[in-house]
Structures are given as C-alpha cells and as structure tokens.
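If you're matching them up, the sequences are chains P and Y in order. If you use my numbering, the first sequence corresponds to residues 1 to 447, in order. If you use my numbering, the second sequence corresponds to residues 1 to 447, in order.
Hint data in this document are derived by calculation from the structure and do not stem from the laboratory. Keep in mind that the hints are not guaranteed to be accurate.
Pairs count within a copy or across copies, as identical chains cannot be separated in the list.
[Unchecked claim] 25 Å max Cα-Cα, derived DSS-like pairs, lysine-lysine:
| # | residue 1 | residue 2 |
| --- | --- | --- |
| 1 | Lys265 | Lys154 |
| 2 | Lys144 | Lys394 |
| 3 | Lys224 | Lys301 |
| 4 | Lys326 | Lys265 |
| 5 | Lys224 | Lys204 |
| 6 | Lys334 | Lys265 |
| 7 | Lys204 | Lys301 |
| 8 | Lys144 | Lys265 |
| 9 | Lys326 | Lys352 |
| 10 | Lys367 | Lys333 |
| 11 | Lys294 | Lys224 |
| 12 | Lys442 | Lys333 |
| 13 | Lys224 | Lys209 |
| 14 | Lys367 | Lys209 |
| 15 | Lys390 | Lys204 |
| 16 | Lys390 | Lys334 |
There are 2 protein chains.
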Amino acid sequence: MDRPWGLVFIWVLSPLWISLFSGSHLVLGKAELTWTRRAAAEAEAVAAISCSGHGMAFVDGVRDNGRPVCECNNCYSGPDCSQFRPNCSADATSGDPLFLQPYWRRHAEGSAVVISGWHRMSYDADGRPYMTLELERHIRLLHKLVGNAAAEGKQIVFGAGSTQLLNAALHALAPDNSSSPSSVVATVPYYPAYQTQTEYWRSKVFEWKGATAEWLNSTEASTKDFIEFVTSPNNPDGRWQAPALAGSAVIHDRAYYWPHYSAIKSPADDDLMLFTLSKITGHAGSRFGWALIKDVKVYNKILQYIDTDTLGISRETQLRALKVLKQTISQIKKSEDMFRFGYSQIRNRWIKLNAIVSSSDRFSLQKLSPEYCNYFRTTRDPSPAYAWVKCERKADEDCSSAIRAGGIIPRAGTLYGADSRYVRLSLIRSQDDFDQLLTRMKALTAQ
Amino acid sequence: MDRPWGLVFIWVLSPLWISLFSGSHLVLGKAELTWTRRAAAEAEAVAAISCSGHGMAFVDGVRDNGRPVCECNNCYSGPDCSQFRPNCSADATSGDPLFLQPYWRRHAEGSAVVISGWHRMSYDADGRPYMTLELERHIRLLHKLVGNAAAEGKQIVFGAGSTQLLNAALHALAPDNSSSPSSVVATVPYYPAYQTQTEYWRSKVFEWKGATAEWLNSTEASTKDFIEFVTSPNNPDGRWQAPALAGSAVIHDRAYYWPHYSAIKSPADDDLMLFTLSKITGHAGSRFGWALIKDVKVYNKILQYIDTDTLGISRETQLRALKVLKQTISQIKKSEDMFRFGYSQIRNRWIKLNAIVSSSDRFSLQKLSPEYCNYFRTTRDPSPAYAWVKCERKADEDCSSAIRAGGIIPRAGTLYGADSRYVRLSLIRSQDDFDQLLTRMKALTAQ
Numbered sequence: 001m002d003r004p005w006g007l008v009f010i011w012v013l014s015p016l017w018i019s020l021f022s023g024s025h026l027v028l029g030k031a032e033l034t035w036t037r038r039a040a041a042e043a044e045a046v047a048a049i050s051c052s053g054h055g056m057a058f059v060d061g062v063r064d065n066g067r068p069v070c071e072c073n074n075c076y077s078g079p080d081c082s083q084f085r086p087n088c089s090a091d092a093t094s095g096d097p098l099f100l101q102p103y104w105r106r107h108a109e110g111s112a113v114v115i116s117g118w119h120r121m122s123y124d125a126d127g128r129p130y131m132t133l134e135l136e137r138h139i140r141l142l143h144k145l146v147g148n149a150a151a152e153g154k155q156i157v158f159g160a161g162s163t164q165l166l167n168a169a170l171h172a173l174a175p176d177n178s179s180s181p182s183s184v185v186a187t188v189p190y191y192p193a194y195q196t197q198t199e200y201w202r203s204k205v206f207e208w209k210g211a212t213a214e215w216l217n218s219t220e221a222s223t224k225d226f227i228e229f230v231t232s233p234n235n236p237d238g239r240w241q242a243p244a245l246a247g248s249a250v251i252h253d254r255a256y257y258w259p260h261y262s263a264i265k266s267p268a269d270d271d272l273m274l275f276t277l278s279k280i281t282g283h284a285g286s287r288f289g290w291a292l293i294k295d296v297k298v299y300n301k302i303l304q305y306i307d308t309d310t311l312g313i314s315r316e317t318q319l320r321a322l323k324v325l326k327q328t329i330s331q332i333k334k335s336e337d338m339f340r341f342g343y344s345q346i347r348n349r350w351i352k353l354n355a356i357v358s359s360s361d362r363f364s365l366q367k368l369s370p371e372y373c374n375y376f377r378t379t380r381d382p383s384p385a386y387a388w389v390k391c392e393r394k395a396d397e398d399c400s401s402a403i404r405a406g407g408i409i410p411r412a413g414t415l416y417g418a419d420s421r422y423v424r425l426s427l428i429r430s431q432d433d434f435d436q437l438l439t440r441m442k443a444l445t446a447q
Numbered sequence: 001m002d003r004p005w006g007l008v009f010i011w012v013l014s015p016l017w018i019s020l021f022s023g024s025h026l027v028l029g030k031a032e033l034t035w036t037r038r039a040a041a042e043a044e045a046v047a048a049i050s051c052s053g054h055g056m057a058f059v060d061g062v063r064d065n066g067r068p069v070c071e072c073n074n075c076y077s078g079p080d081c082s083q084f085r086p087n088c089s090a091d092a093t094s095g096d097p098l099f100l101q102p103y104w105r106r107h108a109e110g111s112a113v114v115i116s117g118w119h120r121m122s123y124d125a126d127g128r129p130y131m132t133l134e135l136e137r138h139i140r141l142l143h144k145l146v147g148n149a150a151a152e153g154k155q156i157v158f159g160a161g162s163t164q165l166l167n168a169a170l171h172a173l174a175p176d177n178s179s180s181p182s183s184v185v186a187t188v189p190y191y192p193a194y195q196t197q198t199e200y201w202r203s204k205v206f207e208w209k210g211a212t213a214e215w216l217n218s219t220e221a222s223t224k225d226f227i228e229f230v231t232s233p234n235n236p237d238g239r240w241q242a243p244a245l246a247g248s249a250v251i252h253d254r255a256y257y258w259p260h261y262s263a264i265k266s267p268a269d270d271d272l273m274l275f276t277l278s279k280i281t282g283h284a285g286s287r288f289g290w291a292l293i294k295d296v297k298v299y300n301k302i303l304q305y306i307d308t309d310t311l312g313i314s315r316e317t318q319l320r321a322l323k324v325l326k327q328t329i330s331q332i333k334k335s336e337d338m339f340r341f342g343y344s345q346i347r348n349r350w351i352k353l354n355a356i357v358s359s360s361d362r363f364s365l366q367k368l369s370p371e372y373c374n375y376f377r378t379t380r381d382p383s384p385a386y387a388w389v390k391c392e393r394k395a396d397e398d399c400s401s402a403i404r405a406g407g408i409i410p411r412a413g414t415l416y417g418a419d420s421r422y423v424r425l426s427l428i429r430s431q432d433d434f435d436q437l438l439t440r441m442k443a444l445t446a447q
C-alpha cells in the first residue's frame, strides 16, 4: 500500500490522535462514528433500562419482546425488580464483590471498551503467547502506586482468576515425579478451595494433609516437602498470617491485600504471590488474576500449567482488565479513588454489623483493630471482606443451622476447617444483600 | 422507585427500542452518544492505523508516542510493517485461524461490542453460575442451521477453548478412585495435546497408553476402562475417524466439523462432543468452546472441572462470542456466509499447494476427495485445515529437518505419533504466512 508520507505524518499528528492518546480526558468533538455506532447505541440503551435499583439488564441478557430483561437481585422479582419477596433468605455466601458496582456505573465513560470483530484473534499477542505487554505494565504500575507488593525483578503470569493460579502454583511447586509427593496444608480457618482443589486432582505428586497445626512441632527437615497456602489478610477472618511451618514452599494468596480491605504496610516481597481482579476492581465475572514470581523455574512451570490447561487466557478479558485498571490508576489518591470508595463502603457495613452483634451476647465477631495504612497515610478502621461469626449460645453448636433458621444463608465454619460454632458472612456483596443481612441479623440478635 | 406506568409503556415501545431490538440492521439515527463515545472513537482511530496490510494495531497494544504500534505479521517489520525480511522462515506451525480475519474486518459493524464497566461483574449470570442463556441458545441455533450436530436433548458446558474442555472431559470420564485407572489412547496420527495433557496431570485415575493400534485385537471387556480421543475430521490429516476400540469411553473432538473444512453429512449425535470458537469464527484468542453432553453425570463432572479449575469462564468472552455467532448466524446461506468465505479461502490454498507438490515427487499430500455437503447442498472440493506432508525421498527420513532447511517451520509428524517422514503444515494462518509457505515450497520441490 503506497501512501504519500507527508499526509501520513499530518494524519498521525492530527488533533484526533492528540486528544485520544495524550492521556487527557478530552472526548472527540463530534467526529462521525461509523462501525462502532450501533454497538455503542445498544449499550447505552440497555444501560438506560430501569430495574428499580434492585437489578440490572445486560446486553447479552435473555430477551423479552426483543429487549433484555432485568436480572433481579436476591429477594426481588417482577419485570422491573420492584417486588420484594419478604420471606426470602438473605444471601451472605460467596465473596461476589458487587459492592464496587456503583463505582463503575459512576465511571461509565472511563471504563467502557469497544471490542472490534478482529481484535486479537490470534493465539499470540504482542508477538508472544497470550499476555499483552500493556496490561503487564499497568499491573506493575498499580502495585507501585498502591505499595502493596514489590513487582520489580519478578515475573508475571496471567491466569483465569486466582482459582486457576492456585491450581497452577500447586502443580508448579509439586515435584516432577511421584516418589515423594508434596503434603499440602493451610492454617485453620482457611479458604475451602485449597482443600477441594488439592483433592480434586487425585494427583500422584501432591496430597491434601489438612491443618498446619498438626505439624507445628515438626523439624524443618521433615516439612521440606510441604506446600503451604498462606492468605494474608486471611479469608475468612481478615487476620494477618505468616507461614506456620519452617521449610515449606509457600503460595502467598494476596487477594485481600488492597486498601479497601486492609491497611497497606510494606510492599509484600514473597517468592510467589497471587492477586485477583475480582477483589481489586470487583470484576469477578472476568476471571482474571496474576502471579508475581521470583524464581524462573517456578515461572516456567506456572506458564506451562496455563498453557496445558487453557492455552492462555481470554483477550477480551485482558482488554477490559486493562481499561478498568487504567481507570483505577488514574484516580489513585484523588477524589474518585476506587480504593477509598471501597473502603468507605465496607467500613460502614462493618460498623453497622458490629453495632447489631454487640447489642446482645448471642454472636461475636472477629476482633480487628485500627491500623496505620501507608496508602491512606493515616490510621484506618477495620473493613474486612467477611465477618467471621461465632455463635456463643450453648444451644447454637451448629451455628450454620441457627443462622439459616434466621433467614440468612452463611458459609459454614466447618468448610474452613473450623468449629461448627463459626460461620462466614460476606460483606462485599450488593447493597441489597447487605441490607437484607442486617435486617435478619437484627431480628436474630433480638431473639 | 415509582414511575407512571403509561410513560414506561411509551418508552418501552419507543422507536429507539424498536430499531435496536427488532433484529433489523437499523442504526439509531443520530441519537447523541454519551459515555460510550470516547471508547468508540478510540476503537475507530486504532482501526484506521495502517500497517501496510502486513500487521495490525490493537487498542491494547504497546504505545509509541501515545499511539498503539503496528504488530507485524511474520517476516515483516518496521513501524508500518512494510519491510519484508527475505531470509525469514515461513511459519506453518499452529492452527492460528487468521484466515478469517478479513471476514471480520468486512463485518465491522455487525461484530463490534461495547462492554460497560459494570457488565456482568458477578460470579453468576442469568441467575445461574457463569453461563449466559442467550449464548447457549445461539449455540443450539447454530448447530441446527449448520446441521453438524444434534444439540437437542443434550446439555451444554462452556469452557476456555477445547483445550480446557479436553482436560475436563478426561477428568470427567476417569473413575472416581484409583483402583483401576483409565487407559487413554488415540489413533495415529493424533493431535499432540491428547498425550501432553494426559501426561501433564500425573493423575492416579488415568494414564496415557499411546496408539489404539496396540489394542485393536483386544476384547471389548479388556478395553472397557479405556478413554479414546477421536477427532473427526482428523487433525492433522482431515480424514473421517471413528472410535477404534469397542467398549471405550469416547471424547469426540469435533473442532473441524464445520463447512469451511469439511463436508457436512448428518448431524453428529455422540455422547460427548467438543467444539471451539477458534476453528469456527477464527477467534482463537478468546479461548471459548463448548461441550455437548448426553449423560447428566458426565455433564455434572465437566461442570465440576470448570468450577474447580477456573470458577467458570470470562463474561467478556461470552458477550463477544455471542456477537460473532449472531453475525455468523445472520449470514448463513446468504451472500456473506462466513462458512462459504472460509471454505473458498482454504480450498484455494489447498489447490495451490497441491499444484506445487504434484510438480515433483519430493513430497506427497494426504488424498482427499470431493464429497457431497448438506450445508452447501452440492459436492464440495477438499479444504483441510492442515496439509499432512510426506517426504518421499530416501534421504529425507527426517522430514521436519528437510522442510526446515528449506525455510519452513512445520510441526514434526513424530509429535502426532507418526513416522518422522511426515510433517503438518497449517493452511489456516494469515495470507502472509500462506504466501511465504507457498514460495518456500515451490523452491523446495524444485530442488
């Protein structure tokens, strides 16, 4: 294709490029859109569908008379989600991070992306397999600006959420042959997937061995073939955790080490750390996470897992992750800081739940104290992602049943390797879920 | 939220909705776009970047002076990919399906999607875990219109490409306990991932046993714990395949049973069939595929794999897959039929390669004949995704080295369990890759 170079030069430097790529927030004046207009108009029309604040319509939703229906929040129904079902149980189960949804509605322009039909169809991207360099660069920048992890000098691997990366890390740290399979452990209470994932694989090279407590008095030599999952801050109870066993290989799950949930102290600098977009920007449905890895051999093995398991991860996801991380970065320590928004949401929820729980002696919550946070440059109140609730009454030995009887669906403490007197309640779901949880807890504590 | 119902009624039936959701191709007149405009303008600006027809710029590409750089096709370089590197080897390795990229550039409007910042942030979709109903509905419709698979009465599970679904199927068909692990086999020449995946897991419940040929004379009883991978049409040689062993559980890989590669005979109706978007619309980077499953127990086990491995798959991918499948469906058996476009591309490539190969006796290709195709309602020429090349000269026992010496990077036949006299050459990559392959083959056959 021949083209007069003078014209190309003028075109490249045209105001269009300058306004688009200067990093400023200028919008193109009224330049005529062509092939993107229909998709843009559809997205705006769907966004304008009212679901009474208790649900949402999506571009790819089921259609009724050609129009996507409202998908209602728990306990709401009807065509516009306006009907409340009073006998419905509050859902406090998964860590579905919808508390951040309002933030993204507020930042619609900065977080929208258009995906063309020919966008990154190839197995490769930027001339290497599957991982775009721009996204990697922004992840490193995010860690630097937040101060929660030392990414310099470490390799990054993208995965389909921490879920895939936990599996990848497990396979990467296990030995190559089956003569001495690794023992996989975690400290109670632990995230249940550590156990279910490890057991699922029926592997010759690793096996689930339960709680670290049983090996606390072992020598370093006897736990050298151990793989330990360490979550800090911990899921479910928000406490700081360190490896319990000397000599074990450690998978550091850092899903909650972000300013909305936790004080940021020094940048974490462990050999193998996992992060997930779900708990940063709230995009759980995207299935995106990354590992920071010091050792090149471990890096190659984690890459091998992603390659063998799924041949890389979605490019649409990578494009959108880039967009929401760019928006996040652009507001760091500014008036529309996403972390500050998230922190204030959960802090308020935690205060409200505490007020109710402390009004009687039926339940107790984990004790968390204000801590100095390097990110906010001040002492911050606790804002854990989950309440770790203990049923204090003698009769409520099966805490999960007691809570369920009161119209709340919790996660049973036994799933976390803990006593049946404990349950986990999620505090990061939608406002509707939290409001229903609060109403039910008020009634339960008064009983 | 109260709202006068009359107004809602008028709004719902407004021309905006009718034009958007009537399935017609009307574009909104000149309605003012708001929050989508910036992303739309950026996508159009990036699409307008010229890479001389030998590369492409992407919205999430590495930036130079604020502008995404051209990512050049193999053997091209320079800021606009205009410089050809003459000593560069032709890449004929992976089945990177870029032959369909021109189709999507031609159908830009029908295949673009806008993803809002709040699109499907949740772990759930349509009130169920991870799989959108609209996409499932369109997949069923596609099979019905193409006539390649009987989807009625079968369950569908989405996965991250066939890659994840092959792993899921393997784990689902293996026994629950390790007392009698399954033997996993395939017929030579077979897709190499069957072996590498099976071996990768170091599983207690299945193990790779190689070629079916070794068990052809076994009794049905003795192969009842076998899992057999069957690819039909086959990768690498495009031949029809059926299970070789009586009594084995079969994973039917139907990646290539689409009209661009193969005659469509009757709808395939096997118990467990896998399909992948990569080989249908060419969107390999999306990592999207699905399984059609007859048995509910197998369905639940495959779901369990996806859940344990990655907690579902990307919503951005699902939205885009829906869009490109809708575009595909809208043109079926019409002038812009994607399958016809793809067929004519590969058929032409196959004819050209055949002409060169048959000009000497150095190489031979697999023999394929015209067959009647129910989709095109006529006899069609062969158009295989890959050439399965045999080096006929005595000295070329190591065919891969001989081909490499001629400046072509092939896949060695030994990877497929076959003799070293064979290599696979991919025919579905970009036009540049194919043109370079042809030039090199011409020189090689003349030697």
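For this session: Could you tell me which of the hints above the structure violates, numbers in ascending order?
Result: When the structure is compared with the hints, numbers 2, 9, 10, 12, 14, 15, 16 turn out to be violated.
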